[in-house]
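Q: Sequence:
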Amino acid sequence: MLILISPAKTLDFESNMAIGPSQDPYFLPDAVKVNKSLRKKSRRALRELQGISQQLAELNYHRNQEWTADRTGGERQAVLAFKGDVYQGLNADSWEVQDVEFADEHLRILSGLYGLLRPTDLIKPYRLEMGTSLKVGRRENLYLFWADKLKSYFRENIEKDIHVVNLASNEYFKAIETAKIPNPVLEVTFKDFSNDDYKVVSFFAKKARGLMANFVIRNKLNKLEELKAFNEEGYYFAEAESTDHHYVFLRDKTN
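Note that numbering that gives the first Met the number 0 has the sequence shown beginning at 0, numbered continuously upward.
If you're looking for bench data, these hints aren't it; they were derived computationally from the structure.
Ideal Cβ positions, reconstructed from N, Cα and C, are used throughout, including at glycine.
Fair warning: there could be bad hints in the mix.
DSS-like, lysine-lysine: derived pairs with alpha carbons at most 27 Å apart [claimed, not checked]:
| hint | residue 1 | residue 2 |
| --- | --- | --- |
| 1 | Lys173 | Lys35 |
| 2 | Lys190 | Lys40 |
| 3 | Lys40 | Lys134 |
| 4 | Lys40 | Lys82 |
| 5 | Lys8 | Lys148 |
| 6 | Lys35 | Lys148 |
| 7 | Lys35 | Lys190 |
| 8 | Lys150 | Lys134 |
| 9 | Lys8 | Lys32 |
| 10 | Lys222 | Lys190 |
| 11 | Lys173 | Lys227 |
| 12 | Lys82 | Lys219 |
| 13 | Lys8 | Lys40 |
| 14 | Lys150 | Lys8 |
| 15 | Lys8 | Lys190 |
| 16 | Lys35 | Lys198 |
| 17 | Lys252 | Lys190 |
| 18 | Lys134 | Lys179 |
| 19 | Lys82 | Lys8 |
| 20 | Lys159 | Lys227 |
| 21 | Lys148 | Lys32 |
| 22 | Lys179 | Lys150 |
| 23 | Lys173 | Lys82 |
| 24 | Lys173 | Lys159 |
| 25 | Lys150 | Lys222 |
| 26 | Lys8 | Lys198 |
| 27 | Lys173 | Lys198 |
| 28 | Lys173 | Lys222 |
| 29 | Lys222 | Lys159 |
| 30 | Lys39 | Lys8 |
| 31 | Lys222 | Lys179 |
| 32 | Lys150 | Lys32 |
| 33 | Lys179 | Lys159 |
| 34 | Lys173 | Lys32 |
| 35 | Lys198 | Lys159 |
| 36 | Lys39 | Lys134 |
| 37 | Lys82 | Lys159 |
Taking CB as the label site, the calculated pair distances span [as the list claims (entries may be wrong)]:
| hint | residue 1 | residue 2 | range |
| --- | --- | --- | --- |
| 38 | Ala68 | Val96 | 26 to 34 Å |
| 39 | Asn221 | Gly50 | 36 to 44 Å |
| 40 | Glu47 | Phe236 | 39 to 47 Å |
All chains should be built: construct the whole structure from the sequences, respecting the hints.
A: Okay, here's the thing in structure tokens:
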């Protein structure tokens, strides 16, 4: 199976910690094209385009201008650079060598700038959500820019019978839907009991996605059926609510 997760807006480039060998992103030449469009944007344009504060617009304007595909020493492995609820659950800094190797084979991070990242791919600081209406070349937005590239990647690198486990947000997985990849997809939903009903609670659901990805990596799972054993932090497989294409996990009480 291949697991897909979203990146995070919050970044950590302060630590020098690494979890094994690194490499350049698969789509680095395409990231150059995206950055070329992004760096043309003024501070004001970034603020309007991305719906961010003046302070963030200033920060990311300079990031865009300084960004380069060349290694300058300011890079960090993607899975350690992203910080947020998903990555708290993923807990990549606790991985052993064999976990890192498995993760590089079975985990991918969708990215507005880099397209698709392996955990140990080196990235530079950036902010660009997949849903941003950024025109790149003749493509009107990032979904259209990445669609053919992602489709080709899956056809050339991922066997057709490999299931894609969607642990990404709707915004990012839309890039995969737009690409119309040939692989079967498993959707996963996490619900917590709240106010007399089971509901998707954003904070808990994000962390649970990371917990499940970590569960797969630590236990070296390869079969979808094995996902049903996921029981981190009180979650359990809800057979009555699940189908072959959509697994639902419930939690009765938050920790």
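Q: With reference to the structure, classify each hint as holding or not holding.
A: The hints, checked one at a time:
{"no.": "1", "hint": "Lys173 with Lys35", "in the structure": "holds, 23 Å"}
{"no.": "2", "hint": "Lys190 with Lys40", "in the structure": "violated, 40 Å"}
{"no.": "3", "hint": "Lys40 with Lys134", "in the structure": "holds, 11 Å"}
{"no.": "4", "hint": "Lys40 with Lys82", "in the structure": "holds, 26 Å"}
{"no.": "5", "hint": "Lys8 with Lys148", "in the structure": "holds, 23 Å"}
{"no.": "6", "hint": "Lys35 with Lys148", "in the structure": "holds, 18 Å"}
{"no.": "7", "hint": "Lys35 with Lys190", "in the structure": "violated, 41 Å"}
{"no.": "8", "hint": "Lys150 with Lys134", "in the structure": "holds, 20 Å"}
{"no.": "9", "hint": "Lys8 with Lys32", "in the structure": "holds, 21 Å"}
{"no.": "10", "hint": "Lys222 with Lys190", "in the structure": "holds, 23 Å"}
{"no.": "11", "hint": "Lys173 with Lys227", "in the structure": "holds, 25 Å"}
{"no.": "12", "hint": "Lys82 with Lys219", "in the structure": "holds, 24 Å"}
{"no.": "13", "hint": "Lys8 with Lys40", "in the structure": "holds, 19 Å"}
{"no.": "14", "hint": "Lys150 with Lys8", "in the structure": "holds, 25 Å"}
{"no.": "15", "hint": "Lys8 with Lys190", "in the structure": "holds, 24 Å"}
{"no.": "16", "hint": "Lys35 with Lys198", "in the structure": "violated, 42 Å"}
{"no.": "17", "hint": "Lys252 with Lys190", "in the structure": "holds, 11 Å"}
{"no.": "18", "hint": "Lys134 with Lys179", "in the structure": "holds, 21 Å"}
{"no.": "19", "hint": "Lys82 with Lys8", "in the structure": "holds, 8 Å"}
{"no.": "20", "hint": "Lys159 with Lys227", "in the structure": "holds, 22 Å"}
{"no.": "21", "hint": "Lys148 with Lys32", "in the structure": "holds, 13 Å"}
{"no.": "22", "hint": "Lys179 with Lys150", "in the structure": "holds, 7 Å"}
{"no.": "23", "hint": "Lys173 with Lys82", "in the structure": "holds, 22 Å"}
{"no.": "24", "hint": "Lys173 with Lys159", "in the structure": "holds, 19 Å"}
{"no.": "25", "hint": "Lys150 with Lys222", "in the structure": "holds, 23 Å"}
{"no.": "26", "hint": "Lys8 with Lys198", "in the structure": "holds, 25 Å"}
{"no.": "27", "hint": "Lys173 with Lys198", "in the structure": "holds, 22 Å"}
{"no.": "28", "hint": "Lys173 with Lys222", "in the structure": "holds, 24 Å"}
{"no.": "29", "hint": "Lys222 with Lys159", "in the structure": "holds, 15 Å"}
{"no.": "30", "hint": "Lys39 with Lys8", "in the structure": "holds, 21 Å"}
{"no.": "31", "hint": "Lys222 with Lys179", "in the structure": "holds, 23 Å"}
{"no.": "32", "hint": "Lys150 with Lys32", "in the structure": "holds, 18 Å"}
{"no.": "33", "hint": "Lys179 with Lys159", "in the structure": "holds, 12 Å"}
{"no.": "34", "hint": "Lys173 with Lys32", "in the structure": "holds, 21 Å"}
{"no.": "35", "hint": "Lys198 with Lys159", "in the structure": "violated, 33 Å"}
{"no.": "36", "hint": "Lys39 with Lys134", "in the structure": "holds, 11 Å"}
{"no.": "37", "hint": "Lys82 with Lys159", "in the structure": "violated, 32 Å"}
{"no.": "38", "hint": "Ala68 with Val96: 26 to 34 Å", "in the structure": "holds, 28 Å"}
{"no.": "39", "hint": "Asn221 with Gly50: 36 to 44 Å", "in the structure": "holds, 40 Å"}
{"no.": "40", "hint": "Glu47 with Phe236: 39 to 47 Å", "in the structure": "holds, 44 Å"}
Hints 2, 7, 16, 35, 37 from the earlier list are contradicted by this structure; the remaining hints agree with it.
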